[in-house]
Every structure is written in structure tokens, then in C-alpha cells.
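Residue 0 is where the sequence shown starts when you use numbering that gives the first Met the number 0, and the numbers rise one by one after that.
Calculated from the structure, these hints are not laboratory results.
Keeping only pairs whose Cα atoms sit at most 20 angstroms apart, straight-line, the calculated DMTMM-like set for lysine to aspartate or glutamate is:
no. : residue 1 : residue 2
1   : K286      : D275
2   : K346      : D261
3   : K315      : E329
4   : K315      : E81
5   : K419      : D443
6   : K415      : D150
7   : K38       : E186
8   : K224      : E440
9   : K124      : E40
10  : K415      : E148
11  : K346      : D375
12  : K519      : E186
13  : K415      : E440
14  : K483      : D228
15  : K315      : D283
16  : K415      : E396
17  : K286      : D303
18  : K315      : D84
19  : K286      : E81
20  : K419      : E440
21  : K315      : D275
22  : K330      : D283
23  : K402      : D422
If you anchor each label on the Cβ, the simulated ranges turn out as follows:
no. : residue 1 : residue 2 : range
24  : R358      : S502      : 47 to 57 angstroms
25  : K315      : N434      : 27 to 37 angstroms
26  : T144      : M400      : 31 to 41 angstroms
27  : S420      : D397      : 13 to 23 angstroms
28  : M400      : C497      : 52 to 62 angstroms
29  : Q225      : S388      : 14 to 24 angstroms
30  : L41       : F508      : 24 to 34 angstroms
Quick caveat, the model's predicted, so the values are computed rather than measured.
No residue lacks a Cβ here, since even glycine has one placed at the ideal position from N, Cα and C.
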Amino acid sequence: MVKHQPLQVYERQLCLSCITGIYGCRWKRYQRSHDDTTKWELLWSLILLFTFSLLLVWFYFWWEAHNDYNEFNWFLYNRSGEWSDGTVPILATTAAGFTYIAFLMVLALCHIALGQQLNLHWIHKIGVATALLTTIIGVISVNQTWGQEWDVIPISLQATGPFLHIGALAAVTALSWIVAGQVARSEKTMFQVVVMLLYLTVLLGLYVVPLYITSPCIMDRNSLKQRPDVIGHQGAPMLAPENTLWSFQRALQMNVTGFEADVTISEDGVPFLMHDHTLQRTTDVQKVFPDRATIDASYFNWTDLQHLNAGQWFLKGDPFWTVHMLSPHEKDLITNQSVCSLEQLLKLASYHNTTVVFRLRRPPPEHPCHYSWINDTLQAVQQSGIPQSLVMWTPNEDRAMVKQLAPGLIQTSLEKLNPKSLDQSGISRLLLRYNQASTQEIRDFSQSNVNLTLYTVNEPWLYSVLWCSGVSAVSSEAPQILNKVPYPVWLMRPDEYCLMWVSADLISFAVVVGIFIFQKYRMSGMRSYNPEQIMLSAAVRRSSRDLNVMKEKLIFSEVGNGVGSAEELYADNGYDYYTNQGINQ
0 MVKHQPLQVY ERQLCLSCIT GIYGCRWKRY QRSHDDTTKW ELLWSLILLF
50 TFSLLLVWFY FWWEAHNDYN EFNWFLYNRS GEWSDGTVPI LATTAAGFTY
100 IAFLMVLALC HIALGQQLNL HWIHKIGVAT ALLTTIIGVI SVNQTWGQEW
150 DVIPISLQAT GPFLHIGALA AVTALSWIVA GQVARSEKTM FQVVVMLLYL
200 TVLLGLYVVP LYITSPCIMD RNSLKQRPDV IGHQGAPMLA PENTLWSFQR
250 ALQMNVTGFE ADVTISEDGV PFLMHDHTLQ RTTDVQKVFP DRATIDASYF
300 NWTDLQHLNA GQWFLKGDPF WTVHMLSPHE KDLITNQSVC SLEQLLKLAS
350 YHNTTVVFRL RRPPPEHPCH YSWINDTLQA VQQSGIPQSL VMWTPNEDRA
400 MVKQLAPGLI QTSLEKLNPK SLDQSGISRL LLRYNQASTQ EIRDFSQSNV
450 NLTLYTVNEP WLYSVLWCSG VSAVSSEAPQ ILNKVPYPVW LMRPDEYCLM
500 WVSADLISFA VVVGIFIFQK YRMSGMRSYN PEQIMLSAAV RRSSRDLNVM
550 KEKLIFSEVG NGVGSAEELY ADNGYDYYTN QGINQ
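Make a model of the complete structure from these sequences and hints.
Okay, here's the thing in C-alpha cells:
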């Protein structure tokens, strides 16, 4: 009879089994290894790290681009002809991909911390490759169709930079536990030197990054200028159908100081409010005039336009996910909205002493008003009875003639020019997209006689950054949100910020040094043992514990399960934990 006696008893290692099992499908003890990771697996680890970094930037981009989701959907509409919220699938896939890759990164770091060999399962390799290729395709697509939106990253860093720095510093400081463990465990001097140099380079880089972080919100509170005026872009399009009278009335309820609208000339010379080139998206033209639904909006006369409903689409499409917040009375008002003329808007603005700025689209060459569009619009302004000092005139064509006929209009430019050129042209206002003016340029304009208005500003963080920069007014699709921002989201004196980041650096440095010392002391007596033997010895020393709770994984239990013979399983994997004693007759 052969008698087998285990030399050592093992504890169940559920946590380690889950880490190695989920990452590389190595659920059994004999499948795990403390050998060095192969070059192939190191390459996949680098691919995983690159994918994580790219997805992190991609996720941050879409998080901050929330300010311009409506603009992105409009770009998609111009390409496909159908209105839909294209950001929903992008956000869903980005969040899922980032969560998955971040989880794999955590598992990889756990492998390194426990001294386990990295061996990413082939299914995960397919997942990582898919996430990488999908993100690259997304980046290329955005760069081709919406390239200007990349500017949101450096602009948003003016609001988030100081706090992202603290978060990155905390993460790299925590990473010192793994780095210190690897350095203390390794017996290769070159490996230790390379790892230490890489880690210290990243750490020191983070220590000095605040020297290069600039934010207009790091300023003396006494230097903060008055709150920028808020202009309702197309009224309040998140609460009512864009460019309708009810939309502008809702904007007035949100304390806007001005209106911004898009103007088109009808076939019989009546300027009316319309953002798109066609009437399909914002009216029921498909129902009323199905044979003319796709033609340019300017080829409809004013009588036909008045037969169209301009509110029902808002309730059906719910473009901003806000319809559920509306009262039954508001829904009734929206249902009865019609196309609004420029004259109607100007009369409303005149009654409330509100500024109006509009973008005028010139009709096509075959249009009856192609050459008279400026005169037709100027006539509508004069007929409305609005004081000329409340109208910001943006068309650059025939500007000299307009100055002679209506000298009281506020001459406004949509083209970025320096203050001197604007002054020479008699232009006192400038209307630009928010990414077209840097903080220094905004301050230069504020010191001149040119008032700068930036569009489209919907998020409190962006409004706060522009407020601290000194902008005089912003145009917004969400006046109801900005109305709740009575003060910048955050404001910090330079000495306060200096104290914050220096303190964070000192605390980080002290923690890193302490971790390295502790890991050196902890590993000094363990070089001749592997983690399983250390756990084993600790378990054996606890004499008070019943050995029955220590679930031993004998090689013979694996043999009983049909895995293989004892000699094959343990000799091939470098284990020497069991032996045979004698043969008793």
C-alpha cells in the first residue's frame, strides 16, 4: 500500500484565483506561474495600456463635449437627413469600453503586485483590439466631421486642470506600492534602475506640472468682472421649439438680456426665423406640402409658411429630453406654435427692451430676393419700430449703405479681427464661437471698445471660465441652466492654489518614500520564498486553527479529476511540495 503524506497544507486563495482566472483563465494553482512575463504578453500589456490611455482621452472628450451635443446632432442631421440623438450610442459604447479596459488594467496591476505572470486570455485580446480599433475610427471620424470640437479639451482643462492634477498625483502615488514591490523583489539591477527612472520621471513631472497649468479662475476675487449677459440662442430651445415666439418668451422668463436668431428671406421678401435650409425638421411641411418638403425654405412665400405648424415636432421628437418636464398648458402652447417672422421677434424685443442679434442667410441666386435681401431685412427692422440701438447687425455685405440708412444699428462682425481693424471699420461688437478667442484675446477685447459675445455656452463650467476671462456676453441654448450660476463654479487666489499643489506634492513625496522603505523592509526576508510559501508558513504557525479549515489542494485531487499524473502536473510546473514515504507491507 502506498501512503502519501503532504509536506505542506494550503489555504484557499479565492482572491488570487479570481484575479488570474478572469484575466487569463488560470483558475487552478498549477496553472499560475511566477516566471517572467513573455515578450509577447509584454507587448499585449503595452497595447492594453495604450488602449486605456486613448479611451481615457476619448471618454474625457465626450464628457466635456456635452456643451455641444446639439451641434453634433445637427451635423449628423445635415449628413443623414434624419434627426436623432447620435450622442447616446457613442456615450454608451464609450462608457462600456472604458469600464472594460479599466477593469483589465486593474487586473494587470494586481498580477504585477502579486508577482504573477501576465497572460491575457485570447478573448480579452480580441476585446482590447476591438476597443482600440473602434476608438481610433471614432477619433478619425470626429476629426473629419467635427474637428473644431477638439478645442474643448484645452479649454476644459482650464476648469478641470488643477483637480485632475491632484487626482493623477494620487493615482501615481498609490502606484508606488507596486513599483516599490517590484524593485525590492527583483534581483536584476538593470530592471531596478529602469523601473525607478521611469517612475521618478513621471512623478517629478507631475510635481512640476502646476507651473504650466493656467486657468483664468486662478485670480484675485477683487479682479472678477461683472456677470456676463446671457443671450437666448434661438430663444430657450431646450424648453420650447427653437425660433418660435414661445421659445423667446421662455427665454425672457430666464432673465436673458438678448435674443439670437437665424433669419431666412421668403419668396415674397418677408424675413422669417429658420435655422435649417429646409423646413423638414422643425415644421410639418411633409404633411402640408409633401411635394415641396425638400426644397429650400426660402422658396416658400409667407402665406404658405403661416400654414405650417412649428411646435408639434418638438413634442414628438423631444430633442433635449425635456418634454416630460413641461406642464399640460405649456404643451398646448407649443402645439399651436407657427413660423415666426423677424418683425414679430423685433416687436417682442422692443416691448421688453431686449437686444436682438440675428444671422441673415442670403437666398439662392435664382431667388427673387437674392439682390434685395439686405433692403428687405432692413425694411423689416424699421417697420417693427424697435430702437436701432437694440439691434446688432451682422451681415457684412453693403455695411456702408446700412450705416447711412440706419446709423443707430449696432454693427457686429462674425469674423475674427483685431480690435484696431474693428474700430477702423466702425464695428463695436464681435460674435464668435467660444473656441475662437483665447483668454488673452478676450482680455484684449475687454480693454478696447469692442464688446465680445461668444456662442454657444450651455455648461456652467464653460460659463465660469469665460466669466473669469472677462467676456461681456454669451449666447446660450440653456439660459435656464446659466440662470442658476450666480458665481463662477470655482475661484481660487494664486497663493491658495500654490499652497494646494505644494502641499499635495510634499504629502505625495512623503508617502512614496515611506512606501519604498516599508517595501524594502518587508521584502528583505522573503527573497528565498514565493508568496504561496509565505502564506503557508503563516498558516502553519497559527496552531490554534483547525487544520480542517485549511483546504489542501493535493496533486492527487487533480489526478482524481482526470487532469493528469502527479509527476506531470508538478514536475512540469516547478513544484516540489509532495513526496512519497515508503511502502508498507
